[in-house]
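Q: Here the protein sequences come in this chain order: A and B. Following our numbering, the residues of the first sequence are numbered contiguously, the last one being 443. Following our numbering, the residues of the second sequence are numbered contiguously, the last one being 443.
I should point out that these hints are in silico values taken from the structure, not numbers from a laboratory. Quick caveat, the model's predicted, so the values are computed rather than measured. Some clues are possibly wrong.
Since copy identity is lost for identical chains, a pair holds within one copy or between any two.
The calculated BS3-like cross-link candidates involving lysine-lysine, where the alpha carbons are at most 25 Å apart (straight line), are [as the list claims (entries may be wrong)]:
#, residue 1, residue 2
1, K325, K347
2, K204, K260
3, K419, K393
4, K172, K275
5, K290, K225
6, K301, K260
7, K260, K419
8, K325, K393
9, K172, K393
10, K172, K347
11, K260, K275
12, K264, K275
Protein chains: 2
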Amino acid sequence: MNLSSDPDRSGQPECSSRHGGRHKATSGVHFTVSVVLPAGGTGERTGLVTPKQFYMFLNRPLISYTIQAFERLSWIQHIVVVVAEESIALTRDIVQRFQHTKVRVVSGGATRHRSIFNGVQALDPGESAATPDVVIIHDAVRPFVEEDFLLEIAMAAKENGASGAIRPLVSTVIATTSEGYLDHSLERGKYRASEMPQGFLYGVIHQAYQKCSEFDFDFGTECLHLALQHTGTRAKLIEGPPTLWKVTYKRDLAAAESIIKETLCRSACVTSDGSKRARELGRCLQKVMASLDMELDVLPEPIGDASRLSKEWNFIKLFVNGSGLSEVEETVKALEAANRALLHPVVVVWVRLDTSDGMSVSETGAGHLPLMELASAAKLQNILLYGIHFLLSEEDAGFSEGSVKRLAELTYTLIHDRNALLAGQMLCA
Amino acid sequence: MNLSSDPDRSGQPECSSRHGGRHKATSGVHFTVSVVLPAGGTGERTGLVTPKQFYMFLNRPLISYTIQAFERLSWIQHIVVVVAEESIALTRDIVQRFQHTKVRVVSGGATRHRSIFNGVQALDPGESAATPDVVIIHDAVRPFVEEDFLLEIAMAAKENGASGAIRPLVSTVIATTSEGYLDHSLERGKYRASEMPQGFLYGVIHQAYQKCSEFDFDFGTECLHLALQHTGTRAKLIEGPPTLWKVTYKRDLAAAESIIKETLCRSACVTSDGSKRARELGRCLQKVMASLDMELDVLPEPIGDASRLSKEWNFIKLFVNGSGLSEVEETVKALEAANRALLHPVVVVWVRLDTSDGMSVSETGAGHLPLMELASAAKLQNILLYGIHFLLSEEDAGFSEGSVKRLAELTYTLIHDRNALLAGQMLCA
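Turn these sequences into a full structure, and let the hints steer you where they fit.
A: Listed below in structure tokens is the structure:
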């Protein structure tokens with residue numbers, strides 16, 4: 015169960031080659047698990063035209079992040095995404111474009127329950143194969159679910175027939191009179207908010223839906239309730255982390271984006287031109303960046319980052335008194351060849367250290383146009399290239415704390431923000 | 015009641031000179047209203063060291079935004095901020111630094127109810143003066159409350175004795191068994207989340223607290239419930255907008271910041287050097303920026319923005335084939351003199367349009383060092399200055415759509431992001 019559960023370190027869906035086998039149990043899950051992701055929302059509450067599951071975060075729709083959160087787990091077999099009829103083509107495009115391999119897209123019903131039931135039925139492959147032991151139901155707009163918690167939900171569903179995530183209530187819940195006055199307030203400690211994911215034995219969720227009424231299908235909101243009512247299965251409730259929250263309002267889009275950005279900027283790979291001075295700068299930078307919570311892996315060689323291509327989202331390339339743009343270009347080409355930026359934009363920061371004292375300011379512009387051109391081409395491959403001209407006076411030969419801090423902060427903000435509109439800019443530190 | 019309710023357009027707290035008078039009723043509120051803001055939270059749920067009410071957004075702590083949301087309203091008399099003993103000095107510093115004039119800082123109790131009661135008691139000035147008719151209780155960590163809604167709450171409290179904001183439930187609420195299994199789920203339509211603000215006649219909230227038990231003080235969470243229980247006052251419930259939400263988790267900090275930034279980037283004032291070409295660029299820019307939802311006010315004169323200093327948060331200054339940095343400096347000095355950036359950072363974007371065909375790239379660096387110096391000084395006054403070198407070839411004399419779009423997007427991202435780390439940079443469009 016110690017597979018990497020960090021979606022943002024795995025360049026490709028981790029499990030694309032493994033998901034076919036039943037009971038291969040690389041993870042210790044000795045039963046089969048598949049997923050139903052209802053994604054039929056219209057996004058009314060965000061106040062946006064695009065339904066929130068299709069809203070773009072760093073060039074990728076939210077739903078692809080959620081799919082990825084499941085797809086990377088070897089013990090998840092299939093993911094059925096249930097969307098409105100009119101979104102099927104769009105969803106299939108997304109699945110293809112981001113190379114999702116475990117996904118089947120099916121059409122939803124008029125209500126949430128009808129959609130989920132369609133998804134559950136789609137997991138029944140007919141006589142020639144078996145249905146999964148456990149079905150996890152999750153929302154397409156809750157992208158940050160982690161492996162540990164999914165395992166807990168799956169295990170509890172296997173054992174109890176049903177399981178679900180809960181969270182403490184943030185607000186007091188009150189009952190209102192029909193005239194809009196306070197009737198009574200609930201004792202907060204006795205109640206919980208029911209969240210997603212939920213897990214069910216296939217038979218339990220299938221039977222619950224087969225037995226439930228048209229009224230349940232149209233107005234019911236809680237799958238756990240249907241399982242209790244129609245199959246007598248009492249769900250095990252498990253408290254989940256706050257990151258399980260549902261992207262509901264426009265502000266949640268900013269919150270989700272900030273979480274994705276935070277995850278991508280925790281580390282970077284630094285290469286230098288091999289000179290003593292560049293290596294020294296690398297070490298100084300490493301110290302300051304650590305205080306900004308970014309871990310730098312400083313390599314001695316100019317193109318020593320080849321082996322890091324499959325792991326890192328961020329590259330910093332240091333050059334002293336020379337261009338180095340051709341080495342930057344090599345890195346960009348290697349990233350492109352590895353299809354590295356398929357899931358997240360990769361950042362490359364080209365730092366030109368200039369110690370020629372009294373160098374005319376006009377020199378700072380050199381290299382800008384070629385950088386702009388290279389960055390424009392790289393951007394098409396989701397690689398964001400920025401330049402920093404790090405200008406030091408002779409007196410500052412020892413890298414003063416202030417100057418390295420300026421460089422570090424500028425580098426940090428470029429890597430953290432991943433602002434595509436600034437790609438190709440040559441900044442000054 | 016048509017006072018501007020947009021916190022982000024009022025440079026200074028709007029009401030600093032008006033708040034003394036009772037019943038002045040510039041707004042049609044014919045009774046007195048004061049506010050209690052409990053701000054004693056420890057921020058455990060955000061996962062941050064700083065309690066969330068003191069977390070900085072664009073150089074200003076969250077609590078100052080919330081204070082400002084009330085202070086700008088002429089019909090609000092006093093604001094009592096209740097903080098933990100150890101935060102009193104910090105809070106007083108904030109009040110002084112951001113020139114809040116209606117605020118009194120008092121020490122809180124061990125629980126939320128004890129703190130609110132302290133705040134309510136602090137509104138009783140003794141025999142020589144009168145207590146307010148209505149008390150509004152709000153959270154320090156809900157900064158986006160608008161005048162219209164506050165008026166509704168105040169009016170309903172005056173009429174009914176108590177009133178409170180509600181929101182629909184986002185998740186189903188469920189009751190759990192003592193072993194952690196589902197007991198039953200509540201019918202979502204019958205319940206609401208109780209939010210803030212709440213309003214009370216002074217007598218009602220004062221009496222409720224005087225009569226309530228030690229248990230209520232220690233474990234009660236709902237003021238409306240205490241009013242019902244101890245004074246028989248049935249609160250009127252009013253559905254509020256989603257922006258009333260409480261900054262609770264770390265992700266909410268990003269959400270709050272994005273809302274503040276969105277509010278600040280809706281418009282900008284453009285001045286040109288008076289040349290035909292610059293005026294033409296201003297008009298082109300205006301069209302493209304409108305598609306990005308930013309309204310540009312294009313003035314014909316180079317320093318015609320003096321009258322806009324008190325209204326705008328963003329300034330764009332266009333210069334053709336010349337520096338213009340001294341005019342930019344004048345604008346910065348005028349903003350400083352007006353103390354314009356007290357509440358929000360002001361952005362100044364200096365655009366140098368260059369049409370000298372075949373100009374050497376080395377030229378693009380000119381003006382960078384003086385810009386950097388000016389920007390460093392301006393940043394200390396919360397003014398963020400950026401430069402854009404807009405390089406056009408002769409063939410592009412007519413401002414092609416693509417080139418203006420590039421300039422517009424770059425300008426937009428600088429204004430929207432308000433990234434202080436990028437101040438002083440000279441970008442290329």
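Q: Now tell me, hint by hint, if it's right for this structure.
A: Structure-based check of all given hints:
1. Proximity of K325 to K347 under the C-alpha cut-off of 25 Å is restricted to the intra-copy arrangement: shortest distance 16 Å within a copy versus 48 Å between copies.
2. For the identical chains of this complex, K204 and K260 are neighbours both inside a copy (22 Å) and across copies (21 Å), given an alpha-carbon limit of 25 Å.
3. Taking the shortest Cα distances, K419 and K393 sit within 25 Å of each other only across copies (17 Å), while inside one copy they are farther apart (28 Å).
4. For the homomeric pair K172 and K275, neither the shortest alpha-carbon distance inside one copy (35 Å) nor that between copies (47 Å) is at most 25 Å.
5. In this assembly of identical chains, K290 and K225 lie within 25 Å of each other by CA distance neither inside one copy nor across copies; the values are 74 Å within and 76 Å between.
6. Proximity of K301 and K260 under a CA criterion of 25 Å is satisfied in neither setting, with 37 Å inside one chain copy and 37 Å between copies.
7. For the homomeric pair K260 and K419, neither the shortest alpha-carbon distance inside one copy (38 Å) nor that between copies (35 Å) is at most 25 Å.
8. Proximity of K325 and K393 under a CA criterion of 25 Å is satisfied intra-copy only: 20 Å inside one chain copy versus 37 Å between copies.
9. Within a single copy, K172 and K393 get their C-alpha atoms no closer than 46 Å, and across copies no closer than 59 Å, so neither meets the 25 Å cut-off.
10. Taking the shortest alpha-carbon separations for K172 and K347, neither the intra-copy value of 47 Å nor the inter-copy value of 69 Å comes in at or below 25 Å.
11. Proximity of K260 to K275 under the C-alpha cut-off of 25 Å is found in both arrangements, the shortest distances being 18 Å within a copy and 23 Å between copies.
12. In this assembly of identical chains, the alpha carbons of K264 and K275 lie at most 25 Å apart whether taken from the same copy (17 Å) or from different copies (14 Å).
Consistency note: the structure conflicts with the earlier hints numbered 4, 5, 6, 7, 9, 10.
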